[in-house]
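Trainee: Each chain is listed here by its residues.
There are 4 protein chains.
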Amino acid sequence: MNRLEFIVEELVTANRILANEGIVDSFGHVSARHPDKPQHYLLSRARAPERIERDDIVEFGLDGSAIDERGRAPYLERFIHGAIYEQRPDVHAVVHNHSPSVIPFGVTGKKLKPLLHMCASIGHEVPIWDSRDKFGDTTLLVSDMAMGRDLAGLLGARPATLMRGHGATVVGRSVRHAVFIAVYLEVGAKLQMQAMAMGDIKFLSPGEVDKITARVNDYTLNRAWENWARRAGREMQA
Amino acid sequence: MNRLEFIVEELVTANRILANEGIVDSFGHVSARHPDKPQHYLLSRARAPERIERDDIVEFGLDGSAIDERGRAPYLERFIHGAIYEQRPDVHAVVHNHSPSVIPFGVTGKKLKPLLHMCASIGHEVPIWDSRDKFGDTTLLVSDMAMGRDLAGLLGARPATLMRGHGATVVGRSVRHAVFIAVYLEVGAKLQMQAMAMGDIKFLSPGEVDKITARVNDYTLNRAWENWARRAGREMQA
Amino acid sequence: MNRLEFIVEELVTANRILANEGIVDSFGHVSARHPDKPQHYLLSRARAPERIERDDIVEFGLDGSAIDERGRAPYLERFIHGAIYEQRPDVHAVVHNHSPSVIPFGVTGKKLKPLLHMCASIGHEVPIWDSRDKFGDTTLLVSDMAMGRDLAGLLGARPATLMRGHGATVVGRSVRHAVFIAVYLEVGAKLQMQAMAMGDIKFLSPGEVDKITARVNDYTLNRAWENWARRAGREMQA
Amino acid sequence: MNRLEFIVEELVTANRILANEGIVDSFGHVSARHPDKPQHYLLSRARAPERIERDDIVEFGLDGSAIDERGRAPYLERFIHGAIYEQRPDVHAVVHNHSPSVIPFGVTGKKLKPLLHMCASIGHEVPIWDSRDKFGDTTLLVSDMAMGRDLAGLLGARPATLMRGHGATVVGRSVRHAVFIAVYLEVGAKLQMQAMAMGDIKFLSPGEVDKITARVNDYTLNRAWENWARRAGREMQA
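Chains as they are written, first to last, in numbering that gives the first Met the number 0: chain A, 0 to 237; chain B, 0 to 237; chain C, 0 to 237; chain D, 0 to 237.
Selected chain D positions facing chain A (Cβ under 7 Å, derived; list incomplete):
| # | residue |
| --- | --- |
| 1 | Ser25 |
| 2 | Glu49 |
| 3 | Lys109 |
| 4 | His165 |
The set of hints was computed from the structure by calculation and includes no laboratory data.
C-beta: ideal position from N, C-alpha, C; glycine also.
Based on the provided sequences and hints, a complete structural model is requested.
Mentor: Set out below in structure tokens:
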């Protein structure tokens, strides 16, 4: 199996995992930077993540133009992916999702921060992008490169950003890394909502966040990936 | 397959989806306007949605009288459906349900409004119908055309209304459209309950609601429908 | 099939339903009055409800002595059942359970009342029995007839009572009726917790509770029973 | 089957149960003291609990050194287990987990106490270990014997301790006992969060906790174990 085939299989598994773990519903998507052409990325045609097969994966240029569309209609919001790959050479995978517990943070402006060691990878604090600030009344969908770049600008060097009334976007150095962060962003958001109702929260200290983040290696990611993949009816690739 | 057969299959799938997604339990129902006779509608005999088969679908006149009952006992609350079809020529499907998160809004009088882009189709604000206002102490069931018409009157041109101590009624231009709104009414209600506990909410602006609603096309509905149908063990019809 | 065989099958199905719907976990039990000997009742040997088979059902006298034990160890808390059958000739089935949402009401003393039409059968208000009031520090288990009769005394003519730090006990005129009330007691408790966090609650009026309760007939119970039984891998008996 | 083989099978079942009941996700672990060599313990190689097979179980000395590693990489946090077995001769099984409802207690400092009879085994009050108190900014992982012994010191003679920003550690006199307590620690934490939002809580009295704890025998543990094992696709060993 060559590198491209490997990544395509990873994306299929990633979609199934995100659906099975409740991080995406019928909407949301995950992409990977093309392993041989860093100015291209791979993303499914517009389809619910739980249903995605190998043949659904399309190659795109960073501007969102399909290289080999063959009638496979793209996601309108593919610009999220291209704009981030354009700005962040370190990023090799992007997840855009509407997982349930992140939404209340986006609409109330409460700061989402890591309180559990597993959640340190979400970053010291997750910013909130509001499409209305610069673009006014829209469908909230990131439907062109201008919106994508504005979102990527707020993301900056961070691993994740919320989107007001919409969801979140998470990035990683690999597909497994981005999926890991997306899952624990949801976990952390749910826990923080519960803890906020109980009293003042002792969040992870900045030093703890840095130490944990530095230690999240392939070993950690693979333990979760093997488990999530099987639960979603897929096998972990070697 | 003719248009009637198509709609009957859609209704079976809709019932299974609504049950599988937790929008109905053993109660609740979904109907479609008859594709050839706009003064008739199609609705299952009284049975739990998760169990409904093709042969359970009965044809009714708008007044709730069965055209071809053959021993299939009707839902007592079929008057909800007829009264809405009578008043709303644009409506081709109606869902009546008791999904869990809408109930607390109905009994506390808190206004349910869209805060997530996926929920814009529930309308700018969801009104609350209270059977007691006009009909006093009843079983709360919409058991005749007078109650149905009163409910339809409050619904007006809107896509959805809550019913105090009872549930919700949602309408759409197609079966897929009504199911989509019913699912995201539940999603939005759950999110709003959580966000209310956290602080002031930035709801979608009126302009955002209108722009998103205008963009919810077959393309959007089918992405969700394909996924929900498969999850419920059914296939999407072409 | 004779009446006894019918009831034994009903109890197996009831146990599976209560487990599958989350009303019991590995503990909790459901009994039926013997159809031919009103001074006897039928209850499983001590086993998790999800696992119970026909041969687990044992016949007991009202005082909790097994008629035909054959090595099948009884539930310690069988006295709940006998004490209620002794006092309430109208009762033909009893469910004792620890369903999650009823517990917070028992320990905070907040009154659980019906706010959804489906929950009217729980009664106008559910009392809370505290074993400590009369029996002091115990294991909280209803482990003899004195405790059972004290519980039955608080229950009085009602359909349900909570038990502080322990759970609930629900009665019905048939197995299906008691299971129906136990399920909607849990549903109502969860909804009331959510609604209490949002504001003042408009509960069902006394007149509404009475009207709905009078209308909960076999027709209603069977719609739910057919569905729950199938979900639990069982068929509804005719 | 000899005693060692029995315990290895118990551990496989325990891992599957903890995963299936939502007490561990892809992380967390359960160990048993070696039945023949009390200075050794048995613990899986580093793998998600839901995936663990018989051949994953490795034997360790109390200091965390593997006796027969054969390329099976150990959990970094195995020191939790050894430090507790070293200090507590009465303990024969240890569960370390991140079950969702215990986390908010650890980060808010609210005292988790039993309010349901099934939860008495968690002890009169669950202390909170904060790695930062003595070890400053770390990854929060218990990665050597010094940290393990500090945790064991706070645990003292108790059945459970929380760990700030991290999870919980639970001990028992057998694998079944430790799993039982870990499950009901999660159950109790969720209930207490809900009850705290409703009002003042009547917790179990100290006398009730002692009486119930004294009564949790094999009979009780096996009823739950048989059920949980089957739900996780395993059989209870005789």
